[in-house]
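With chain X fixed as given, assemble chain S onto it according to the hints.
So the protein sequences, as listed, match chains X and S. Note that the working numbering gives residue 34 to position 34 of the first sequence, counting from 1, and the numbers run on in steps of one. Numbers given in the working numbering equal positions in the second sequence, counted from 1, plus 112.
It should be emphasised that the hints constitute simulated quantities derived from the structure, not laboratory data. Where a beta carbon is used, it is the ideal one built from N, C-alpha and C, also for glycine. There may be inaccurate statements among the hints.
[Said to hold, decoys possible] Using 16 Å as the maximum straight-line C-alpha spacing, the simulated EDC-like pairs for lysine to aspartate or glutamate come out as follows: (1) S/Lys198 x S/Glu180; (2) S/Lys267 x X/Glu96; (3) S/Lys228 x X/Asp104; (4) X/Lys54 x X/Glu65; (5) X/Lys54 x X/Glu35; (6) S/Lys267 x X/Glu65; (7) S/Lys198 x S/Asp219; (8) S/Lys267 x S/Asp219; (9) X/Lys41 x X/Asp61; (10) S/Lys251 x X/Glu96; (11) X/Lys97 x S/Asp235; (12) X/Lys54 x X/Glu23; (13) S/Lys267 x X/Asp104; (14) X/Lys41 x X/Glu23; (15) S/Lys264 x X/Glu68; (16) X/Lys97 x S/Glu230; (17) S/Lys264 x X/Asp104; (18) S/Lys198 x S/Asp186; (19) S/Lys264 x S/Glu230.
[As the list claims (entries may be wrong)] Each pair of labels, with its calculated beta carbon distance range: (20) X/Arg74 x S/Glu234: 28 to 34 Å; (21) X/Pro25 x S/Gly187: 53 to 59 Å; (22) S/Gln220 x X/Val17: 37 to 43 Å; (23) S/Ser209 x X/Val17: 47 to 53 Å; (24) S/Asp235 x X/Val16: 35 to 41 Å; (25) X/Gly13 x S/Ser209: 27 to 33 Å; (26) S/Phe179 x X/Gly8: 54 to 60 Å; (27) X/Arg74 x S/Asp235: 27 to 33 Å; (28) S/Glu230 x X/Leu7: 44 to 50 Å; (29) X/Ser87 x S/Glu175: 33 to 39 Å; (30) X/Gln6 x S/Ser185: 38 to 44 Å; (31) S/Leu241 x X/Arg74: 15 to 21 Å; (32) X/Gly36 x S/Asp235: 33 to 39 Å.
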Amino acid sequence: MAEVNQLGCLFVGEGVVLKGNFEVPDIASISGVVEGELTAKQILIEATGVVHGKLSGETIDIRGEANEFVSSTRSLIIRSTGKVTGSIHYSEIEIEKGGHLHGDLHNLNPHS
Amino acid sequence: MSIFSKNSTPDNSEDKIADEQSENYSDAASVEEPVAATMSSYEVARNEAPSRPGISKPSIISEGFTFEGTITSDGVLNIAGTVRGKITAKSVLIDASGQVDGELNSDQLVIKGQLKGEVNCEDLNVGPLAHVDGTISYKYIHIQRGGKVSGKFIKN
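The shape of chain X in the complex, shown without the other chains (with noise of 0.2 Å):
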């Protein structure tokens, strides 16, 4: 669909490294390096995709690295190569199995 339509989406390629604070509409793909503050509809970190910084998106999906601050509305999916550190906010998680955790889990609804 993004592929189609790349209306209000940022990708970030293997290799490139970006520095700076990013407000993304629609979807951020990022397969390579991002330092800063990034908010989007959907963030994908890809397998060499690597976030330093703060992270907030309604889904995120995470087959990277994403280290310091996540933060989803939606849905939150570590993926088994995927490797999240620091503070976490999340409605949903889901983690498979490998995924890594390392942090303070918060829920934004618990008593939902």
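Only chain S this time, still in chain X's reference frame:
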């Protein structure tokens, strides 16, 4: 009749053995030894039989049952009731109705119910209806979609 026969048959057989032995050995003191040997081998066989299924059979805290204190087990522990305290076991399953409040140490841990406290395990599996809160240190983790987890997670 059957009760008597149960008790009397081993006695009779021992008597018979004793009789046979006393026939073989004229010395009365040497008779005691073989009798004791047959007794011990009989007991070993008796102890071995229930211990083997005991390894695979889980210990169960049933639904509606509340336990406070320390549980230590080398085997499998199924918790469908409530446990407050310290648990140490090889494998622990907290069922959907199960609740644990306290410290938990195990190699394998499956959580379908509720858990609050300090957890130390190798292999952690959190089910979709589970509620987990506390400090969790693990080697391998799997959280199924819908599982509610909060607290500190430490990967060893």
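Going through the hints against the structure:
no., hint, verdict
1, S/Lys198 x S/Glu180, "holds, 9 Å"
2, S/Lys267 x X/Glu96, "holds, 14 Å"
3, S/Lys228 x X/Asp104, "holds, 15 Å"
4, X/Lys54 x X/Glu65, "holds, 12 Å"
5, X/Lys54 x X/Glu35, "holds, 9 Å"
6, S/Lys267 x X/Glu65, "holds, 15 Å"
7, S/Lys198 x S/Asp219, "holds, 15 Å"
8, S/Lys267 x S/Asp219, "holds, 14 Å"
9, X/Lys41 x X/Asp61, "holds, 11 Å"
10, S/Lys251 x X/Glu96, "holds, 13 Å"
11, X/Lys97 x S/Asp235, "holds, 9 Å"
12, X/Lys54 x X/Glu23, "holds, 12 Å"
13, S/Lys267 x X/Asp104, "holds, 12 Å"
14, X/Lys41 x X/Glu23, "holds, 9 Å"
15, S/Lys264 x X/Glu68, "holds, 14 Å"
16, X/Lys97 x S/Glu230, "violated, 21 Å"
17, S/Lys264 x X/Asp104, "holds, 4 Å"
18, S/Lys198 x S/Asp186, "holds, 14 Å"
19, S/Lys264 x S/Glu230, "holds, 10 Å"
20, X/Arg74 x S/Glu234: 28 to 34 Å, "holds, 31 Å"
21, X/Pro25 x S/Gly187: 53 to 59 Å, "holds, 55 Å"
22, S/Gln220 x X/Val17: 37 to 43 Å, "holds, 41 Å"
23, S/Ser209 x X/Val17: 47 to 53 Å, "holds, 51 Å"
24, S/Asp235 x X/Val16: 35 to 41 Å, "holds, 37 Å"
25, X/Gly13 x S/Ser209: 27 to 33 Å, "violated, 50 Å"
26, S/Phe179 x X/Gly8: 54 to 60 Å, "holds, 55 Å"
27, X/Arg74 x S/Asp235: 27 to 33 Å, "holds, 28 Å"
28, S/Glu230 x X/Leu7: 44 to 50 Å, "holds, 48 Å"
29, X/Ser87 x S/Glu175: 33 to 39 Å, "holds, 36 Å"
30, X/Gln6 x S/Ser185: 38 to 44 Å, "violated, 57 Å"
31, S/Leu241 x X/Arg74: 15 to 21 Å, "holds, 19 Å"
32, X/Gly36 x S/Asp235: 33 to 39 Å, "holds, 36 Å"
Of the numbered hints listed earlier, those contradicted by the structure are 16, 25, 30.
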